[in-house]
Amino acid sequence: MQTSGWLQLAAYIAALLAITKPMGLYLMRVLDAERKTWLDPVLKPLERVTYRVLGVKPDREQDWKQYTLAMLLFSLVSCLFTYAILRLQRYLPLNPQHFGPMSPDLAFNTAVSFTTNTNWQNYGGESTLSYFSQMVGLTLHNFVSAAVGIALAAALVRGIARHSARTLGNFWVDLVRITYYLLLPICLGFAVFLVSQGMIQNFKPYTKARLLRPYTVSVEKKAANGAALLGADGKPVMEEQTIKEQTIAQGPVASQVAIKMLGTNGGGFMNANAAHPFENPTPLSNLVQMLSIFVIGSGLTYYLGRTVKNQKHGWAVWSVMTTLFLAGVLLAWWAEAKGNPIHQRLGVAAAGGNMEGKEVRFGIFNSALFATITTDASCGAVNSMHDSFTPLGGFVPLFNIQLGEIIFGGVGAGLYGMIVFVVLAVFIAGLMVGRTPEYLGKKILAYDVKMAMLALLVLCFSILGFAAWAAVSKWGLAGLNNAGPHGLSEILYAFSSGAGNNGSAFAGLSGNTPWYNTTIGLSMLIGRFLMIIPIMALAGSLGQKKVSPASAGSFPVSGGTFVVLLLGTVLLIGALNFLPVLALGPIVEHFLMFQGKLF
Amino acid sequence: MNNLFSETRAAVLATLILAIVCCGLYPLVVFGIAQAVFPNKANGSLIVDKNGVVRGSRLIGQQFSGQRYFHSRPSAAGKGYDAANSGGSNLGPTSRALAIVIKDRVAAYRKENGLKATDSVPADAVTASGSGLDPDISVRNAQIQAARVAKARGMSLQEVLKLVRANTDEPDLGFLGEPGVNVLELNLALDGVTTGEN
Numbered sequence: 001m002q003t004s005g006w007l008q009l010a011a012y013i014a015a016l017l018a019i020t021k022p023m024g025l026y027l028m029r030v031l032d033a034e035r036k037t038w039l040d041p042v043l044k045p046l047e048r049v050t051y052r053v054l055g056v057k058p059d060r061e062q063d064w065k066q067y068t069l070a071m072l073l074f075s076l077v078s079c080l081f082t083y084a085i086l087r088l089q090r091y092l093p094l095n096p097q098h099f100g101p102m103s104p105d106l107a108f109n110t111a112v113s114f115t116t117n118t119n120w121q122n123y124g125g126e127s128t129l130s131y132f133s134q135m136v137g138l139t140l141h142n143f144v145s146a147a148v149g150i151a152l153a154a155a156l157v158r159g160i161a162r163h164s165a166r167t168l169g170n171f172w173v174d175l176v177r178i179t180y181y182l183l184l185p186i187c188l189g190f191a192v193f194l195v196s197q198g199m200i201q202n203f204k205p206y207t208k209a210r211l212l213r214p215y216t217v218s219v220e221k222k223a224a225n226g227a228a229l230l231g232a233d234g235k236p237v238m239e240e241q242t243i244k245e246q247t248i249a250q251g252p253v254a255s256q257v258a259i260k261m262l263g264t265n266g267g268g269f270m271n272a273n274a275a276h277p278f279e280n281p282t283p284l285s286n287l288v289q290m291l292s293i294f295v296i297g298s299g300l301t302y303y304l305g306r307t308v309k310n311q312k313h314g315w316a317v318w319s320v321m322t323t324l325f326l327a328g329v330l331l332a333w334w335a336e337a338k339g340n341p342i343h344q345r346l347g348v349a350a351a352g353g354n355m356e357g358k359e360v361r362f363g364i365f366n367s368a369l370f371a372t373i374t375t376d377a378s379c380g381a382v383n384s385m386h387d388s389f390t391p392l393g394g395f396v397p398l399f400n401i402q403l404g405e406i407i408f409g410g411v412g413a414g415l416y417g418m419i420v421f422v423v424l425a426v427f428i429a430g431l432m433v434g435r436t437p438e439y440l441g442k443k444i445l446a447y448d449v450k451m452a453m454l455a456l457l458v459l460c461f462s463i464l465g466f467a468a469w470a471a472v473s474k475w476g477l478a479g480l481n482n483a484g485p486h487g488l489s490e491i492l493y494a495f496s497s498g499a500g501n502n503g504s505a506f507a508g509l510s511g512n513t514p515w516y517n518t519t520i521g522l523s524m525l526i527g528r529f530l531m532i533i534p535i536m537a538l539a540g541s542l543g544q545k546k547v548s549p550a551s552a553g554s555f556p557v558s559g560g561t562f563v564v565l566l567l568g569t570v571l572l573i574g575a576l577n578f579l580p581v582l583a584l585g586p587i588v589e590h591f592l593m594f595q596g597k598l599f
Numbered sequence: 001m002n003n004l005f006s007e008t009r010a011a012v013l014a015t016l017i018l019a020i021v022c023c024g025l026y027p028l029v030v031f032g033i034a035q036a037v038f039p040n041k042a043n044g045s046l047i048v049d050k051n052g053v054v055r056g057s058r059l060i061g062q063q064f065s066g067q068r069y070f071h072s073r074p075s076a077a078g079k080g081y082d083a084a085n086s087g088g089s090n091l092g093p094t095s096r097a098l099a100i101v102i103k104d105r106v107a108a109y110r111k112e113n114g115l116k117a118t119d120s121v122p123a124d125a126v127t128a129s130g131s132g133l134d135p136d137i138s139v140r141n142a143q144i145q146a147a148r149v150a151k152a153r154g155m156s157l158q159e160v161l162k163l164v165r166a167n168t169d170e171p172d173l174g175f176l177g178e179p180g181v182n183v184l185e186l187n188l189a190l191d192g193v194t195t196g197e198n
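Chains as they are written, first to last, in our numbering: chain G, 1 to 599; chain V, 1 to 198.
In isolation and in its complexed conformation, chain V is listed as follows (with noise of 0.2 Å):
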């Protein structure tokens, strides 16, 4: 009995020390630390334009629309790349609702970019990604966007796909991963938005 007394109370002891070394001290270290040495980072990559106003983070897409920009990919998180909301779409191989969304988006994006009906369609452009919030497309689908926002901007391909190559993240160390465009700086670039980092 007077084992489990002092067993008892030792556990609930270790539940405060612990809490407030693991669940204090240390993540103040890394706070402090991270807002010393990374500050943009550690506060989400903002872009921020010259007027000082947030336009969004070099690592959470947007949505976008029109003839002008490029797409992001159809997203599941909230109605549509909702950054407080994250998630996929989490329907299965064989869903039926995921088949018909497909087909949809498969039809929309050949005509948008003026694809002949056999033409395949890149998959992440038809397809929601696992986050709801991926900043890129694959380099692909971005060069099938090209001609029509040159088009619809007045500019030459040769002068967007410059802007698409500008924008790409090539993969880490050269190997891992694979490359992306960033939609959102590339679109931020193509209206000419000055930005920094805050």
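Just chain G, with the same shape it has in the complex (with noise of 0.2 Å):
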């Protein structure tokens, strides 16, 4: 753990709370249709035109039954819309490599996987889709899904707010806004620093380059129809060949990946996402791209505290995020650090720590950093391979997924996600004095806390429920990469992400099965939907709630106590529910490892 790595730490911590405030007072203006931005000029008639082709009334607001259906509708109509792109890729535009269609199971993973967020790909983007499937049919989804998560968070903001009060805002205005005054802009800007940083922006065919000095590889033979020809032996029969050239992946990356970030989407348009040179080409471009994963998520916190009239509760919020954020990177950076005694015995140089899966360019520490900051979002993008992490460092992207993602979290989803813990913690804290728990002067009732608990709920069996079945079944089995304690890991790892809308993976699970296809895109739906629909009720519920005043005994929700209890209480769920599971993969694998064990 060197000094440059502290360096490092402290100015991305630095810089993530000087961005948090004016992050913060921007989204007041963005959720709130009433107040004026700078950008008016440019986007006013741009908003006006999009209602009026909408047939939306921008002042009609809607109760939380209404406000969830209108985002229903329109995730399930834009999911199908992105299906039917993937679908029939090969006859439409900008496909210069000529990609076939995805299979159905794939293509129904792939668009349920970008409509909620998640984008977990089970397939290479390189070597499968065309730019204009990419372009279009999941960069609208890093868009539209970003959107929805901020306009569900806003909603549910409004409820803590508002009292006695019907409404919740209008899904559309909310989804429009914030996709013209907030993503859109933000993105140009990002896309042309990133494009300055050396990542490309073009429409061109693949680039053959002629090598410097041709080498020769093995590989199977293949008979006149393309099948593996077999020698006597039953083994593939090999032949040498020669590469004089390599092939170069092109694309319009740059306007993809930002949104990719800022939006907390994370799929890649390389199948090696951020480590992919041309998708994070150096360390500054890791940088600024590390901060829009956690800055609209940190924005919000403020807007939190701004919008209840409380910055001290936003800032409680803020802290406790932020200390399970230092909690997972120092452990993260660590273990990587200290690399793998099993490779350190064959001859690899202890200094440099665990570089399987890992570029020279960002080194350890960013690679820690990285993976520590996308899965306290629900970001996903990887710019390491989680998988050849060591067993401790592995632990803490699984782990923070499975807490529910709710350090800064997805745009929108790391909030809401926040206040259902911030709500069981004021009820936990109700009952250990005895009184009626109360949140920013509302009384906490039985439906709220049924509604919260429903929230964890859903994630809780999601994750648990499809990787027992998948850990007992052929096809669950056959999908693994790893064996022994990492293999459970590869499997808990891929139903958690999915189900907690994150898109990382231990990407050496095969997931490309009609299996692994429907289930993790069946997790996706449920971590995603059946989450959302409790939360609203709550939303509902507290809008109606009346406010009544401060007393002596109503518990304040900010400073030590609060922050404390809020840390406890999420880290009790998370661990009841996760240890016992995550016993069996990553903790004994890190004792097995220091045996010296293999699999």
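Be careful, since some hints might not be right.
[As the list claims (entries may be wrong)] With a straight-line Cα cutoff of 30 Å, these simulated DSBU-like cross-link-like pairs (lysine-lysine) come out:
hint : chain 1 : residue 1 : chain 2 : residue 2
1    : G       : K235      : V       : K79
2    : G       : K338      : V       : K116
3    : G       : K244      : V       : K111
4    : V       : K151      : G       : K244
5    : G       : K36       : G       : K57
To be clear, the hints were calculated from the coordinates, so they are not data collected in a lab.
Using the hints, put the two standalone chains together into the complex.
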């Protein structure tokens, strides 16, 4: 754990802290249609035209059921839109490599994956998808699934801030304003910055480069019909092949990567995601990408404080998130820097740490930091391969996802997830002192706690249920790339990532089978929408409540006691749900690694 | 019922209009600015020799073998440095398959570079990167290989180390990321291939 790492960590946190308030203030303007932004002269006409085309009356607010219904219909329609594009890409433009259609199960998985802001990828981008599929089919969801998340968070915050109110805002207005005023302008500048670092943005066919020195590889000999030839011993016949050129994938990467990070989507244009030099060329592009993952989630805590007129509450939530973030980074960094004793006994220098699956330009620290950030949020972009992390290094991203991605979290989703924990924390505090629990002057009753519990149980059941099913099924075990406890971790990570709408993977798992495509697809749908419905019910219920003035007996939702209580609630629930299975995966693997056991 | 119809209609139209703005206008504007301001970078930072032939990208690693060249890291992208098929090995810390290949790579690296059987080997030299396209090797790795390359080419070690330094990317802003030696550019310089941007 070198000095340069500490310096970079300090710089990251300072930058995050510095942009939190400006982002929060800007969110106040975007999420309140009455207020002006400096982009109004350009965007107001476009906004008005959009409402007219949609046939929406922007000043008519919706109650929680109408709001949720509009969100569900929009998600359904846009999901089908993407499914159609993926199936029909052969007939659509911008397909210079002439890629054929995705299989139905893979197209289902992918369309659901992007609709739910997960961006789990059972395909390799540069070897499967046309530029049109990427730019339209997938990028649309990178924008709108992010906007939907922020809209839902805003609706919940309005529910907390309002009293005796039936409505929570208008879904269409939130969707359009967040996309136009928040996401698009930032992405425009961000994408150009990324190109300045070396990220590509073109529509050319893949480039062929002539190698300085050709080399030979041995490949399986193919018969005329394309099947592998088998020798007398039943093994494939190998032949020498001379490689004279390198085919370099191209595409409109920068415009997609900007929103992929800002919207915490995380789906890579290329298979290797942000480890690919075209998707993350320099340490500076890496730093800015990491900041862009957290910036909206961090700004939303400020928005929360401002909207409920208790800025200390916003900062208290921010502190809980930052504390959990730091704990994760330090553990992952320590584990990766320490490296793998098995490999060190074989002669690998201990000073280098665990470099399997990592890029030289990022090194150990930036790989551990990125892995922590991408799973604190529901981003899921990766700049190093989590599957090849040490057991404890891989435990951090896995446990981050299982905590519910509430450490800044997915845009919007992180805040509404954290507010569920806040409701539970004040409920526990109420039980301890024997008073009716209160949150910002509102009484938290049985209905509210039930909805909060429902949201948490959905996540837990979806992860553990599917993972348990896969772990005892032929189809589940057939996809493994690693044996022993690491194999269980691969399965567990897949369904945690799916249900948590993260999208990163222990990517050795061969998930592109009808079984995995379908089950992971279902876990993503459950993890997104079955969690949202109880949370919106909670928002509706909170909005209708009356506010009672603060008294000496009210529980303050700021300050040290609240921070510790909220931290404890998050960790306790996460640990109770997932420690048993984690003990069988990364934790036991950690001890086996130190014994030198191989699988 | 009426409400359901109008909301579905809004959902269809919102999908279309947002697709036009976010997936048509936006990427094309970025494309226009990128091609006008950073044409080389937007097209893949390609390296072109004096005959106009593309020899690679300064951001994308290539496979090298033989005594006369610096070797890139092991790669799990396709058959090795397949820039249309990026990816890592995804082998875990207790994988036997990974331990076996690392053992072989350590032995090969020691032999090629004349190291003793007790000398430890730089971690990046025997592990595959996440992308399989890592353009860089660590400075320590390059310094060890420099002796071999100098000998094979009949150059002095100082000359080779000078080229190594000239092709080392220092941390951004002085403290971000790790320094790395760009293997393709270094080998091009060794061969004296004059290059330019396209």
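Now the hints, each set against the structure:
1. G:K235 <-> V:K79: Holds, at about 19 Å.
2. G:K338 <-> V:K116: 24 Å, holds
3. G:K244 <-> V:K111: 27 Å, holds
4. V:K151 <-> G:K244: Holds, because 26 Å separates the two Cα atoms, which is no more than 30 Å.
5. G:K36 <-> G:K57: 19 Å, holds
Taken one by one, the earlier hints all hold for this structure without exception.
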